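All chains, full assembly: derive it from the sequences and hints.
Residue numbers (the working numbering), protein chains in the order written: chain A, 1 to 112; chain B, 10001 to 10210; chain C, 20001 to 21007.
These are calculated hints, taken from the structure and not from any lab test.
Since this is a predicted model, take the numbers as computed values, not measurements.
Idealized CB from N, CA, C, for every residue including glycine.
Please note: incorrect hints may appear among the correct ones.
[Unchecked claim] Quick list of the computed label-pair ranges, beta carbon to beta carbon:
1) A:N49 with C:H20367: 53 to 63 Å
2) B:S10077 with A:E16: 20 to 30 Å
3) A:R12 with C:V20636: 30 to 40 Å
4) C:E20504 with A:N49: 53 to 63 Å
5) C:D20655 with A:T74: 53 to 63 Å
6) A:S90 with C:A20487: 20 to 30 Å
7) A:R28 with C:R20910: 18 to 28 Å
8) A:S36 with C:D20655: 55 to 65 Å
9) A:T74 with C:I20605: 25 to 35 Å
10) C:F20561 with A:S36: 44 to 54 Å
What follows is each chain in one-letter form.
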Amino acid sequence: MFYIHCPYCNERRSEEEFHAKGQAHLMRPANPEEASDREWGDYLFFRDNPRGLHQEMWVHAAGCRKFFNILRNTVSYEILETYPMGEQSSVLAEMTAGRERGEPRRAAGAVA
Amino acid sequence: MSKVEVFQQQPSGAVAAESPFHFSRQRNPLAPAKGEAGVIMAERPFLTHLILRGTPEVLLGGVRNVTGLTLPQTPCSMNSKEDKSLQWLAPDEWLLILPPGSEFSTEKALRGELGDGSYAIVNVSGGQTVLELSGPNAREVLMKSTSCDLHPRTFPEGRGVSTVFAKTGAIIRRPDAQRWELVIRRSFADYLYRWLLSAGAEYGITTQER
Amino acid sequence: MTQTNRLNKGGRIDRQRILNFTFNGQRYEGHAGDTLASALLANGVNVVNRSFKYSRPRGIVAAGAEEPNAVMQMGATEATQIPNVRATQQALFEGLCARSTNPHSELLSTLGNLFAPLIPPGFYYKTFMQPASMWMTYEKVIRKAAGLGRSPRESDPDHYEHIKRHCDVLVIGAGAAGLAAALAAGRSGARVILCDEQEEPGGSLLDSRELLDGRPASAWVESVMAELANMEEVLLLPRTTANGLHDHNFITLYERRAEHLGDLVPEIDGRKPARACLHHVRAGQIVLATGAHERPLVYASNDLPGNMLAGAVSTYIRRYGVVPGKRLVVSTCHDDGYRAALDWAEAGHQVVAIVDARKHNDAATGHWVRLAAKQGLQIIYGSAVIEAKGKNRVTGARVAEIDIPEFQTRGSVTDLACDTIASSGGYNPVVHLASHTGARPVWRDDIMGFVPTKMTGLIPTGGATGIYALADVLKSGIEAGSEAALACGRQSPEIDLPEVDRIEIAQAAPLFQVPHPKTTLRAPKQFVDLQNDVTAAAIELATREGFESIEHVKRYTAMGFGTDQGKLGNINGMAVVARCLKKSIAETGTTVFRPNYTPVAFGAIAGPHRRELFDPERYTALHAWHVDRGAAFEDVGQWKRPWYYPQSTGESMHDAVARECRAVREKVGVLDASTLGKIDIQGKDVREFLGRIYTNKWEKLPVGKARYGLMCKDDGMVMDDGVTTCLGDNHFLMTTTTGGAAGVLEWLELWHQTEWPELDVSFTSVTDHWATLMVTGPEARHLLAEMTDIDLDRDTFKFMEWREGDVAGVPARVYRISFTGELSYEINVQAHYAMHVWKKLFEHGDKYGLTPYGTETMHVLRAEKGFIIVGQETDGSVTPEDLGMQWCVGYDKPFSWIGKRALTRPDTRREDRKQMVGLKPVDQTVVLQEGAQIVFEPKASPIAMVGHVTSSYYSPTLGHGFALAVVKGGQKRMGERVYLPMADGVTQVAEIVSPIFYDPKGERQNV
Ligand SMILES: [Zn+2]
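Have a look at this one:
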């Protein structure tokens, strides 16, 4: 049973208060009519399934009813970060910056 | 017609009203607890429940002017004064609970103060009720029902959370050191009434009508 | 025979209190403070069970959770039966009634005796899986024979509790390390839970030979417990097993509150306590002070009653005052094995010999070794017990010199007469909990055991980390407790360790399976897993058959699959695998342990969530009336909805529904429609939002009017429907299906919060706030007119409009919408006043023939009109066009609304999609079965299924059965015949017709 920090309630609550809503940061194409059938099919049906870090969207269903993002390791189930809708993961950003500086990968897990 | 439809939903004449626990009390009349009751349950029926939506900037002044309460902006907190309370539910959502009978006048007054801004006020008085729990074992009964930490260190007076309760949801509030309040949806009232009777049985549980 | 093995003094039992109990029908006596196991041993009971595969006699081996043999079926009555109770963990109480789980297994005693030598590993997979159809039959026999016990056939008279807890520090285990950790954490002011699975806290300190501060260790236990009990923020949970450790430090604790009190939980002060309680704990830090299990040695016939763990022998002597035999041989490879001999000798019984696998020079420096030598006990060095002799009890031990690296014996074999063999191969740290979330423990050669791998929030300490010297254990416990407290932001004060004599310990020898003069395959059986009858030979065979992964060997041999999860045997099994594969144990690796650590009663898992509290029941404000009226109820989601109202004369459902249908079509009926989901939507952009979420148009709906809407997912499939009303330019009320309400609200929030936060719109559920009374039928207007000040004139209050006004003295919002096809008024009042209005309706309605109707009648009436029910006509694969509802799709709306783009995908454009149609059975008396498959060619082979019946009823109005169905390309097949082959061999025939069976022009609702 996860213990999840809701970025809006600003505290941790038990998993039973939340619903998992799948992969985070999916964008609905701005002009669906211009999307090809393949593009639209990808948007509807295809999702990442990484071993390692995964960005997921959850909703605090029994609490504040707000949607937010989680950065989670799918191997250890460790939650590295939760952050509000519309923001980007600072942990991932730092890892990317670190790699660009030539630093070794953090132990937290491979970035998919 | 106005842009948002507000109407007096309460009858002016004598009409028998039934609170959400009406059926439960009839079906499960509670024998007095053997010995000292560890838990005392009391419904606070027919209170005014209004949901306020909007940004604090939009709501703060108007709400204070009409209710005398400050909009709490710390998550999971509430401000109370006498028989009024205003609870944070989400960054853009609050629950205002007032004495019975004030739903129409309060909503009208709030809309008058807040004017044409972006906000919403919804009367939910018929759909929920407040159940008060007190007694030496009230916290244990709640601990059987919620995964929230109710220890005084983490659940001080003035805190309120919306959470899973038994197999449904409820709002748990701690208005003062002696009492806990549950805000319960009408349709789940009987289930939760039976649930609480079961959870309180080992401590002795009784109801108190006010 | 009474307590022949009980010592005259000693032990922590209450000799004044005699407790009577029965085992396998035989009466015995024991004392308060006994476990069932110690009482059985006191009475000289040798055989407590039969093994499940070979039906061999088995005795008590251990004194704790690791016991593989003494697994009992408890209960004096059918209703109080509890399977899989370990006698070593069951406190004795007056009237306790226990039976062997396997007194003498029916199938396998025969099979086992006759064919035992022939039963190879993999026997079950090879034998019982064929033919597949017989597995169910085999399974029953095997389960019964396999020592799994049986559940009661009668309802459990006791009750069970659940409670959820939080703490800073959870200390698991109240032995030396756990007590020290709890003390350190407790004194810091942290919120601490200390749980221990035994009857008394103290763990190995309760039978320790060592002194703390010059006093018996148990005195220190008492003083620490007294201090902890006085700390406000410390919760002590005795008789509580930490059974599962889940993600993010979520732990289940199984507290047996009353299992030591009686067969049935006794009343205390007029209240009946729970039999057990399951605590769901979220801990900041977990101190794992679970100690270590002693590891037996694997030698021939090591399963005979009388073969025991050395530590268990000490425990029975020192804690329970029971010497489980007369003449003892100890077989060990480390110092601690000697303690059993010292205790045995002190009890005045004969120690025949201590057989130590180590050479004299390697062992003699050890404190206990020297003590034993000083006391003149015979020690045989460089040797081991290679085989036990006896039939139903050990009668002798065969001893030989052994060469561990070469895995062979040397020289001749000596036979020693004895009745008890105590063996010890070292310790296995209890790492089970640390591997429940998938982490693998790590092998350490220096301690010859697996220790927990590093995990966030978990601090292993003491025996669980391979620290066994008491002084070190205490130190480790205090460090762990302080570290845990510090991690929670609390500082522990300095804590004075109790003074313990530091004793010399000689290096242990790595011995697991003892070599035998014969090969493993030819030697008498050397048991690795006693509960599942897995031998060293079986494991060796498995490796020869090519199973190299420990996980495969485990599954092939069933090692560790018993209710004891292989607590005693697994490491020895891995050692055998390692030996056979010529690898190290570290390379072989361990298997993963899974919750639960020991079996948990189902009652405790269910807790209070049973019977009428199993699932929430949602009631409308009118529920009491429905109950009084004798309604039959239907579950819709969690709601209890009146299904139909049979008359008290014993009216059948069919008759009741027909009567209700006629009342609505001919007079007037009323439905409690309060369960419909209702969402209040306010904001400047509501119209825009609705236009994006619904398939149809909303920008021009005027205030005062309502419109039906269809909602799709972005794949174009219908997900919900309902009528939405414009209350004000910035104010709408959306209704949803009863079951879809919560999902739709979350759906609206999803799109608003994640894609269109710029829209000014907010959603609030008002489902419970409004009660909804649907008055419908030709007389509806006349009835309502008597009760309201609303002008009901057909030209001023038109179909699909709403008005506010007074109904029976209550302010109401009345909608002219219809789900029956008749003239209808949906009265919405605040739920507090619903009962008043409902009763008034019947006061006025009598003369109009007002009839309450339920969901079944609602279904018949709507189906006659071809109105869909989402979830019945749809199943997530049906588009608006499949339903023939193009009229409800705004193809030219400027925003590409949810679901639109998908409607032009090739798959959604297929001509042969399943489309909704009406079905009229050719035989008018037939009511087709819902779910029945539809075919075009009943004689074809293979037969192609082209659709199914989604709704089917008898229509009292039409006088025949009718159905709604989805059929491939059905909308272009009007008038064609389809066939429905049924399970009973009959093939029904039906004609495809329009789904609107009644009043196709919709004139009746628009009067
Ligand atoms: Zn939240």
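Against the structure, the hints come out as follows:
1. A:N49 with C:H20367: 53 to 63 Å: Hint holds: Cβ distance 58 Å, inside 53 to 63 Å.
2. B:S10077 with A:E16: 20 to 30 Å: Holds - the Cβ-Cβ distance for S10077 (chain B) and E16 (chain A), about 23 Å, lies within 20 to 30 Å.
3. A:R12 with C:V20636: 30 to 40 Å: holds, 35 Å
4. C:E20504 with A:N49: 53 to 63 Å: holds, 57 Å
5. C:D20655 with A:T74: 53 to 63 Å: At roughly 58 Å between Cβ atoms, T74 (chain A) and D20655 (chain C) fall inside 53 to 63 Å, so the hint holds.
6. A:S90 with C:A20487: 20 to 30 Å: holds, 24 Å
7. A:R28 with C:R20910: 18 to 28 Å: holds, 25 Å
8. A:S36 with C:D20655: 55 to 65 Å: Cβ of S36 (chain A) to Cβ of D20655 (chain C): about 58 Å, so the range 55 to 65 Å holds.
9. A:T74 with C:I20605: 25 to 35 Å: Given about 28 Å between the Cβ atoms, the range holds.
10. C:F20561 with A:S36: 44 to 54 Å: holds, 53 Å
The structure is consistent with each of the numbered hints, conforming to all of them.
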